[in-house]
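A.B. asks: Chain by chain, the residues:
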Amino acid sequence: MQSWGQEAAQIGSGHALNGQDFVFPSYREHGVALTREVDLVEVLRIFRGLQHGAWDPADHRFHLYTLVIGSHALHATGYAMAMAKDGMVATGDPERDGAVVAYFGDGATSQGDVAEALTFASVYDAPIVFFVQNNQYAISESATRQSRVPIADRGKGVGIPSVRVDGNDVLASHAVTRWALEHARSGQGPVLIEAFTYRRGAHTTSDDPTRYRSKAEEQAWAERDPIARLEAYLTASGELSDDYRAAVDAEAKALCERTRTTVRGWTRADTRGMFDHVYAEPHALVEAERAWFERYERSFTDTEVTR
Amino acid sequence: MTTLDERPSTATASAVPERTTLTMAGAINAGLRAAMERDDKVLLMGEDIGALGGVFRVTDGLHKDFGDERVMDTPLAESGIVGTAIGMAMRGYRPVIEIQFDGFIFPAYDQITTQLAKMHYRSGGLIQLPVVIRVPYAGGIGAIEHHSESPEALFAHTPGLRIISPATPQDGFDMIQQAIASPDPVLFFEPKARYWDKGEVERGRVKAQARRRRRCLRRYGRDVARPGGPRGSRRHARRVRPHRAPRAPGRRGGGGRWHRCGGHRPAVDLPARFRCRGSLGPAHRTGGGGPRGAHVVWCGRRA
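Top line first, the protein sequences correspond to chains A and B.
Residue numbering for the first sequence follows full-length UniProt numbering, beginning at 1 and increasing consecutively.
Residue numbering for the second sequence follows full-length UniProt numbering, beginning at 1 and increasing consecutively.
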C-alpha cells in the first residue's frame, strides 16, 4: 500500500494543518501520517493484520485508517459539525480555531457516503476540507469511470467552493490547503480540493498495473514525479546543499532499515485479542465465547500431538 | 462498573412529575427530555423531528425548548445521519438518532454494522461511540410497505451493538435514558403499535428495578437486559401482536417459567440461561431463521 507519487499532495497538505485540526485519512495517507508524527513502522501493523488501529487518534489528531471506501467522509463531517458546536470556529484566535480534513480518492467520490458528506457539510456549514487525491486509478479502474466531469466540479453542485490543484507540486498543494483550512476555520464553511496526481506504484502488493496501463503513461508521470520536481527546483535555486541531501538520504535509509528489522520481528497476533474491546462494558456472551475459545485452544496440547 | 440496567435515571428538572400517566410516545419524549436536561452533550438528529416533533410526535416540543443545535432536522439521508453522528460522538456528544420508519434504516446499514459497531474494537478501546438509534418498528398500525418491519435480528447478530425494546411507558421512560447513558451504541426499537398505550410512569424507578434485577439475577443465575424482569417480558411478548409468542416449552411440563431477555439484546449468554431454567420461549417479531427467539430455542437444544 504505497503512497509513491502522491508525496507532494500529502506532505504539502499535511504541513498546512495546525494542532487543533483533525484528520480523517482513508488508507494511503502515510505521508500525512508522517506530518502528524505517526510512526510509519507502526502503520504497517494494520497492513500485517496485527491490529486494526495502531495509534491513538487523539494524540496525533489523526483518525484511524478507514477501509470501507468513503465511510469516514461522514465521520469527518460530523466531527467538524461538533467542532463548530464546541465554538472552535471563527473566534479569530489562531490557538483555538480548527477544522477537519477528510482525505479520500477519486474512486470514493462515487460512494453515496461521500455525496451525503458533501451535502451535510454544505447545509450545516461545517468547517471541513475534503481533500481528494485523484491519483487516476481506483485499483484498476480509471478515474474516467468515476466521473464525467472534473472531480473538483462535484463540490460545486452542493455549493462547496472547489479547486483543482497540481497534486505533484508540494508548494501548490500546501498553499491551497492552507487557504482552504483558513476558509473553514474562519466559519466560511467547507472546501473541496482535487489534487491531480498519480499513483506510481501498484494499489497493493497483490495488484498488477501492467494489466491496465501502459509503460508510456507511467513514464510520462515519472517525469512529473513530485520529489524529483522539488529536488530540481531546490537545486536550481541553490537551496539544496549536498550536506542536506546526504542527511535526508541517511535518514531514509535508517527508516527503511528500522522498518525491515521491526516488521520481521513481529509475530502473529494473540488470537484471544479478538474478544477484547468488542463492547465498552462487559458483555456476557463475549465472555462466554472467550472462555469457550480458550478451552478449545487448550485442547490442542503438545502431548496430544506427539502421542 | 455499572451496566446498562443499573444507571440511575433520576431527572432533576424534568417536566415529568414523580408519578403520572403517559403514553409510550409521551414517556419516551419525557425520557429524552430528562436526558437532555441532565447532559448538554445529548442531542437529537433525524428527519422531521424538529418543528413537527417527528412523524409519531415522539420529539414533540423538544425543538422548541432545546433549539436547532440540540434538536437537528437533518437532510434525508440515513447513512449521513448515522455517519455524522459517529463523528459527533467522537468529540464527546451523545447523539440520539430517529430513523423515521424501520424499513428506512437500511441506507444506514453499512455505517451501523461496519463503523458504529466496530469503532470501539478497531481502536482497541480508545474510541467509544455512545450513539442511540431509535427505530419505530413492527406492525399493527395498518401501514404501507417499509413501515411495518421488524429488522432487529439483523442487528442482533452484529457484535458491538446493544439491541433493546421497551414494552411499557415506564420502560420507554427508563430505557431511553439508560440507552443514552450507555457507552456502547444502542439500537432502541420502539413498538409503534404501542405508542398510544397508556401506563403509569414513575421517576427514579430504575434504581429500584436494578435492585430487583439483581435479585432476579440471583434467582435465574443470569443477566436480564430489560428492567421489569420476567413479568415485563411476558407482557411485552403478549403485546407484540400479531406474532404472538408460542407457549414456553417448559410450561407444558410444569414448573417452567416464561422468560425473555427483554428487547433483543445481541449476544446474550443463552446456553447458560437455558441450562439454568430449561424453560425459555421465543418472544420476537422478527422474521427469518435467525431471530433472537430462534436462538433461544436453538441454544436450548444444544444445551
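A couple of the hints might just be wrong.
Claimed, not checked - Here are the simulated SDA-like cross-link-like pairs (lysine to any residue), alpha carbons at most 20 Å apart as the crow flies:
| no. | chain 1 | residue 1 | chain 2 | residue 2 |
| --- | --- | --- | --- | --- |
| 1 | A | Lys-156 | A | Ser-206 |
| 2 | B | Lys-41 | B | Leu-76 |
| 3 | A | Lys-85 | B | Pro-75 |
| 4 | B | Lys-41 | A | Ala-115 |
Said to hold, decoys possible - Here are some chain B residues pointing at chain A (derived, C-beta under 10 Å):
| no. | residue |
| --- | --- |
| 5 | Pro-17 |
| 6 | Glu-18 |
| 7 | Asp-65 |
| 8 | Pro-75 |
| 9 | Ile-81 |
Stated by the list, open to error - If you want the footprint, here are the derived chain A segments under chain B, 3+ residues with CB under 8 Å:
| no. | region |
| --- | --- |
| 10 | 44 to 56 |
| 11 | 136 to 145 |
In case anyone wonders, no lab produced these hints; they're calculated from the structure.
Ideal Cβ positions, reconstructed from N, Cα and C, are used throughout, including at glycine.
A.B. asks: Compare the structure with each hint and give your call.
C.D. replies: Going through the hints against the structure:
no.	hint	verdict
1	A/Lys-156 / A/Ser-206	violated, 36 Å
2	B/Lys-41 / B/Leu-76	violated, 23 Å
3	A/Lys-85 / B/Pro-75	holds, 18 Å
4	B/Lys-41 / A/Ala-115	violated, 27 Å
5	Pro-17	violated, 32 Å
6	Glu-18	violated, 29 Å
7	Asp-65	violated, 18 Å
8	Pro-75	holds, 5 Å
9	Ile-81	holds, 9 Å
10	44 to 56	holds (count 4)
11	136 to 145	violated (count 0)
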